[in-house]
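Visitor: One letter stands for each residue in the lines below.
2 protein chains.
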Amino acid sequence: MYPPHTFAANPLDRGEVERRDEGWIAAQAQLPQSQFLPFSNLNVLLGDDPAPTLGWLSPDGIPSDGLTSTPTMLGMMDGATHFAIEVNEDAAAFIEDWTDMRFVDCRAAGESLPGPEGGIVAQARAQLDWHRRHRFCSVCGQPTEKRRGGQMRFCPACKAQHFPRTDPVVIVVVEDKEGDRCLLGQSRGRLQRMRMYSALAGFMDQGEAIEEAVAREIMEEAGIEVKNVRYHSSQPWPFPSSLMIGCIAEAATTDINMDAEEMTDVQWFTRSEVLLALKGKSERLTVPAPLAIAHHLIKSWAMGE
Amino acid sequence: MYPPHTFAANPLDRGEVERRDEGWIAAQAQLPQSQFLPFSNLNVLLGDDPAPTLGWLSPDGIPSDGLTSTPTMLGMMDGATHFAIEVNEDAAAFIEDWTDMRFVDCRAAGESLPGPEGGIVAQARAQLDWHRRHRFCSVCGQPTEKRRGGQMRFCPACKAQHFPRTDPVVIVVVEDKEGDRCLLGQSRGRLQRMRMYSALAGFMDQGEAIEEAVAREIMEEAGIEVKNVRYHSSQPWPFPSSLMIGCIAEAATTDINMDAEEMTDVQWFTRSEVLLALKGKSERLTVPAPLAIAHHLIKSWAMGE
Numbered sequence: 001m002y003p004p005h006t007f008a009a010n011p012l013d014r015g016e017v018e019r020r021d022e023g024w025i026a027a028q029a030q031l032p033q034s035q036f037l038p039f040s041n042l043n044v045l046l047g048d049d050p051a052p053t054l055g056w057l058s059p060d061g062i063p064s065d066g067l068t069s070t071p072t073m074l075g076m077m078d079g080a081t082h083f084a085i086e087v088n089e090d091a092a093a094f095i096e097d098w099t100d101m102r103f104v105d106c107r108a109a110g111e112s113l114p115g116p117e118g119g120i121v122a123q124a125r126a127q128l129d130w131h132r133r134h135r136f137c138s139v140c141g142q143p144t145e146k147r148r149g150g151q152m153r154f155c156p157a158c159k160a161q162h163f164p165r166t167d168p169v170v171i172v173v174v175e176d177k178e179g180d181r182c183l184l185g186q187s188r189g190r191l192q193r194m195r196m197y198s199a200l201a202g203f204m205d206q207g208e209a210i211e212e213a214v215a216r217e218i219m220e221e222a223g224i225e226v227k228n229v230r231y232h233s234s235q236p237w238p239f240p241s242s243l244m245i246g247c248i249a250e251a252a253t254t255d256i257n258m259d260a261e262e263m264t265d266v267q268w269f270t271r272s273e274v275l276l277a278l279k280g281k282s283e284r285l286t287v288p289a290p291l292a293i294a295h296h297l298i299k300s301w302a303m304g305e
Numbered sequence: 001m002y003p004p005h006t007f008a009a010n011p012l013d014r015g016e017v018e019r020r021d022e023g024w025i026a027a028q029a030q031l032p033q034s035q036f037l038p039f040s041n042l043n044v045l046l047g048d049d050p051a052p053t054l055g056w057l058s059p060d061g062i063p064s065d066g067l068t069s070t071p072t073m074l075g076m077m078d079g080a081t082h083f084a085i086e087v088n089e090d091a092a093a094f095i096e097d098w099t100d101m102r103f104v105d106c107r108a109a110g111e112s113l114p115g116p117e118g119g120i121v122a123q124a125r126a127q128l129d130w131h132r133r134h135r136f137c138s139v140c141g142q143p144t145e146k147r148r149g150g151q152m153r154f155c156p157a158c159k160a161q162h163f164p165r166t167d168p169v170v171i172v173v174v175e176d177k178e179g180d181r182c183l184l185g186q187s188r189g190r191l192q193r194m195r196m197y198s199a200l201a202g203f204m205d206q207g208e209a210i211e212e213a214v215a216r217e218i219m220e221e222a223g224i225e226v227k228n229v230r231y232h233s234s235q236p237w238p239f240p241s242s243l244m245i246g247c248i249a250e251a252a253t254t255d256i257n258m259d260a261e262e263m264t265d266v267q268w269f270t271r272s273e274v275l276l277a278l279k280g281k282s283e284r285l286t287v288p289a290p291l292a293i294a295h296h297l298i299k300s301w302a303m304g305e
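Protein chains in written order, with this note's numbering: chain A, 1 to 305; chain B, 1 to 305.
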């Protein structure tokens with residue numbers, strides 16, 4: 001495995017067997033050694049004494065009327081069951097005041113936390129967000145209930161089971177025929193605001209293999225044909241629930257025909273320019289930080305790995 | 001790319017740009033050259049004159065009161081826009097009678113059709129099934145509407161957008177330390193009924209990298225630790241909407257500790273036994289047919305590819 005990406009080193013045992021027992025989960029939530037990670041508006045509680053760390057609380061540290069949903073069971077570690085909880089604004093203010101910790105955006109948390117703790121943030125944020133957006137049954141429209149500690153929602157009305165979704169995204173560094181240049185793009189939105197270029201990416205469609213999605217996305221965004229798609233590594237990306245599937249591909253054509261609705265610019269960049277950019281020393285190219293798999297794809301290509 | 005798997009050679013241009021224009025889609029659905037692929041209870045219309053082929057109909061071949069949903073736009077090919085439609089039982093009987101074609105289970109269709117036509121079946125079946133199960137908004141419970149020819153559902157009540165889901169599944173052949181044997185399992189359900197052994201597989205969880213999901217699934221189902229996970233190839237599997245991510249991994253341990261709730265048996269099989277089974281000549285081992293990526297993973301390992 002590639003040295004784990006940010007968000008990809010979750011140490012918890014998710015307890016696939018244990019979580020089938022609703023009574024066991026409820027009992028675990030009452031145990032004094034159980035640990036609770038609070039979230040407020042999808043921001044996670046972090047301490048920083050001395051280094052950034054997750055703000056786990058024990059059951060008696062949680063304002064009993066401050067929860068906005070039932071706890072989500074993340075998994076087991078060091079003999080304790082770990083949960084994520086969502087708190088309302090009053091409870092969040094109380095917790096910050098009482099613990100001297102702070103609720104932090106999860107992307108910033110991923111940048112500052114050690115790998116295993118970032119992995120826990122990824123699982124928790126993706127699950128909490130999914131539950132927020134799936135309170136009703138998509139089959140019949142009636143309210144659903146959290147089951148298995150959050151790994152399923154059940155509809156009492158029509159008996160449908162709904163499972164959390166993970167959306168596969170292909171993200172691709174394309175190298176030119178000579179292997180001297182790579183294709184990077186700036187999409188509208190965040191990359192444009194940051195004047196940054198990154199690997200081209202897009203959600204997979206239904207009925208596609210990974211290699212087909214790569215070819216379609218690169219054709220759509222840049223008008224370039226690709227061949228020899230190679231898998232590189234993958235990264236969970238909990239904004240809200242993507243699986244980034246990193247690939248490197250070879251271009252079969254050269255002339256760029258950009259999708260101007262989605263992209264502000266797509267260019268071929270030389271290896272020397274990319275190497276400068278990875279060190280933050282290029283005047284014309286800025287690339288994503290190591291938080292994102294894009295950085296590592298670009299680096300692997302530039303280093304000839 | 002691996003020689004395309006069944007369901008993975010869809011030739012349609014999905015028209016990501018064109019389908020953002022609802023008026024364009026509606027106009028295309030009226031054109032005499034547009035093509036419609038009927039489904040009845042998720043079975044697809046096939047002809048067989050002389051070989052199995054998709055049962056495309058032109059607009060005037062469709063009973064106007066027989067549709068159970070608005071057409072789903074699949075994409076463009078040969079100058080025509082192609083749609084999938086769902087028909088009720090009366091219309092299905094009428095179509096079968098009039099065309100001398102038959103509605104066929106999509107797995108059987110995948111086995112008999114040429115690759116590109118199987119790819120169209122995969123896209124169509126996954127999309128139709130998703131729409132059947134997502135008539136209501138999971139955020140607010142109100143009815144949603146099909147948009148972009150079926151690539152989105154929109155909630156007029158709360159303005160939420162919902163996109164078709166694709167569920168990543170890892171499927172893995174694990175080889176032992178010596179490289180002489182591989183780990184195959186028989187899960188409860190279909191494999192058990194068919195007395196078949198296959199590569200171990202499971203849905204990815206939220207907040208996991210592919211390599212992490214592989215390690216978790218093999219540990220859960222077989223109690224085996226793995227290392228050196230290598231990506232092999234991928235296959236869309238529209239039952240209902242999986243993306244099979246095929247991997248080969250090395251075992252770091254030997255003793256099997258099976259999850260008896262999910263599996264009926266897990267065993268190490270020798271290369272010679274597996275090679276016999278791939279030819280259908282083993283008395284103690286049956287493996288999946290070439291329809292499934294599992295066949296190709298097992299074959300790649302056995303052939304030392």
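One thing to keep in mind: the hints can contain errors.
Per the computed footprint, the stretches of chain A lying under chain B, defined by three or more beta-carbons under 8 Å from a beta-carbon of chain B, are [said to hold, decoys possible]:
no. : segment
1   : 197-205
2   : 209-219
3   : 268-282
These are calculated hints, taken from the structure and not from any lab test.
It should be emphasised that the depicted structure is a prediction, and the values quoted were computed from it without experimental measurement.
Glycine included, each C-beta is placed from N, C-alpha and C at the ideal position.
Visitor: Would you check chain B against the segment 209-219 of chain A, counting CB to CB pairs closer than 8 Å, and say if three or more residues qualify?
Guide: Held - the segment 209-219 of chain A has 5 residues with a Cβ nearer than 8 Å to chain B, which meets the minimum of three.
Visitor: Please verify the coverage claim for the segment 268-282 of chain A: does it have three or more residues whose C-beta sits within 8 Å of some C-beta in chain B?
Guide: violated (count 0)
Visitor: Residue count check for the segment 197-205 of chain A against chain B: does it reach three with CB-CB under 8 Å?
Guide: holds (count 3)
Going down the numbered hints, you'll see the structure goes against just number 3.
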